[in-house]
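For the sequence shown, counting from 1, position 223 maps to 227 in this note's numbering; every step adds exactly one.
Hints listed in this document are in silico derivations from the structure and should not be mistaken for laboratory results.
Hints should not be assumed to be uniformly reliable.
Keeping only pairs whose Cα atoms sit at most 30 Å apart, straight-line, the calculated DSS-like set for lysine-lysine is [what the hints assert, rightly or not]:
| id | residue 1 | residue 2 |
| --- | --- | --- |
| 1 | Lys55 | Lys31 |
| 2 | Lys162 | Lys96 |
| 3 | Lys55 | Lys134 |
| 4 | Lys131 | Lys80 |
| 5 | Lys134 | Lys47 |
Cβ-Cβ distance ranges computed for the label pairs, FRET-style [stated by the list, open to error]:
| id | residue 1 | residue 2 | range |
| --- | --- | --- | --- |
| 6 | Val123 | Ala218 | 18 to 28 Å |
| 7 | Ala106 | Ser228 | 16 to 26 Å |
| 8 | Thr275 | Gly127 | 44 to 54 Å |
| 9 | Asp73 | Gly190 | 32 to 42 Å |
The structure displayed is predicted, hence computed values, not measured ones.
The C-beta atom is built at its ideal place from N, Cα and C for all residues, glycine as well.
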Amino acid sequence: MGSKKKEIALQVNISTQELWEEMLSSKGLTVVDVYQGWCGPCKPVVSLFQKMRMEVGLDLLHFALAEADCLDVLEKYRGRCEPTFLFYAGGKLVAVVRGANAPLLQKTILDQLEAERKVLAEGGERKVIKDEVLSEEDERFSREKDDGEDEDVVSSEKACTLAIIKPDAVVHGKTSEIIMKIQEAGFDILTSEERTMTEAEMRLFYQHRAGKEAFEKLVHHMCSGPSHLLILTRTEGTEDVVTAWRNFMGPCDPDVARREQPDSLRAQYGTEMPFNAVHGSRDGEDARRELALLFPGFKFSDQVPEAPLVLLPETSCDYFHHTDASN
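Kindly generate the complete structure, drawing on both the sequences and the hints.
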């Protein structure tokens, strides 16, 4: 009976600033599940955490829950439907995992726990990070305020393209992995936003597809859950950003991508049509049309030629098959 009395909860509920500060002072690694009140904590990972507690113990590994609406420090995580796990060691953020991705969570826990043990044993420095998605938003808002622009307006002097991580990839917790690969490939993320598309948006987005047999299926898929929208630029390489992003995505059919371009995003994260993980604008004109629709506050620099927002003929590739393999 005594052992039962001493048993502690797997995840400590952090509901006040005082408890948050106490968590930051904990020795070892703490994994915080940041959740929204309307959807609750991420239950699918509880069994993983229980397994790791049995294998690793809780002397240096701790788990916590924190509702974003209850703590000011988590203000910028509010309203995000994708599960977010923050890793703290020595009071500092050392890793972030988005999505209920059990293998990635397990690997990150083991890697960060090993790193923290080394710091405690040898006195080295921790590799402190900033949450990449949030820091990008902070920098964007800071630039806008310095320029005296409205906070809802984003602008760029570089050529840009639209990238969408589709609902099938988001629901399987692949957003953070894909974003990391995008950045490693040399793309700059000007802004990043997660939201569920409306049917009206998607019908307008794909209206040049009207009459296609798969139109309704594509619209339904794109409205079935949250997508992650990004505006990409590129500072390195000889390819323009639109071409570079399309090449990085790979052929629109995941089966073709796996045969012809196995390192592409669609080969790695797509399953079958129309679940091919990512979308990209076909060309600069298409990018302007799509950005104007989904990011109405986005402003192109005067240095970038302004293209008319026109409905395109049959061009971009998401679900539909084309004779031109480059689409």
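We went through each hint and held it up to the structure:
1. Lys55 to Lys31: Measuring from Cα to Cα gives roughly 21 Å; hence the hint holds.
2. Lys162 to Lys96: It is violated: about 34 Å lies between the C-alpha atoms, which goes past 30 Å.
3. Lys55 to Lys134: holds, 28 Å
4. Lys131 to Lys80: Holds, at roughly 22 Å.
5. Lys134 to Lys47: holds, 26 Å
6. Val123 to Ala218: 18 to 28 Å: violated, 53 Å
7. Ala106 to Ser228: 16 to 26 Å: 23 Å Cβ-Cβ, so the 16 to 26 Å window holds.
8. Thr275 to Gly127: 44 to 54 Å: Since the Cβ atoms of Thr275 and Gly127 sit about 47 Å apart, the hinted range of 44 to 54 Å holds.
9. Asp73 to Gly190: 32 to 42 Å: holds, 37 Å
Consistency with the previously given hints fails for numbers 2 and 6, ordered from lowest to highest.
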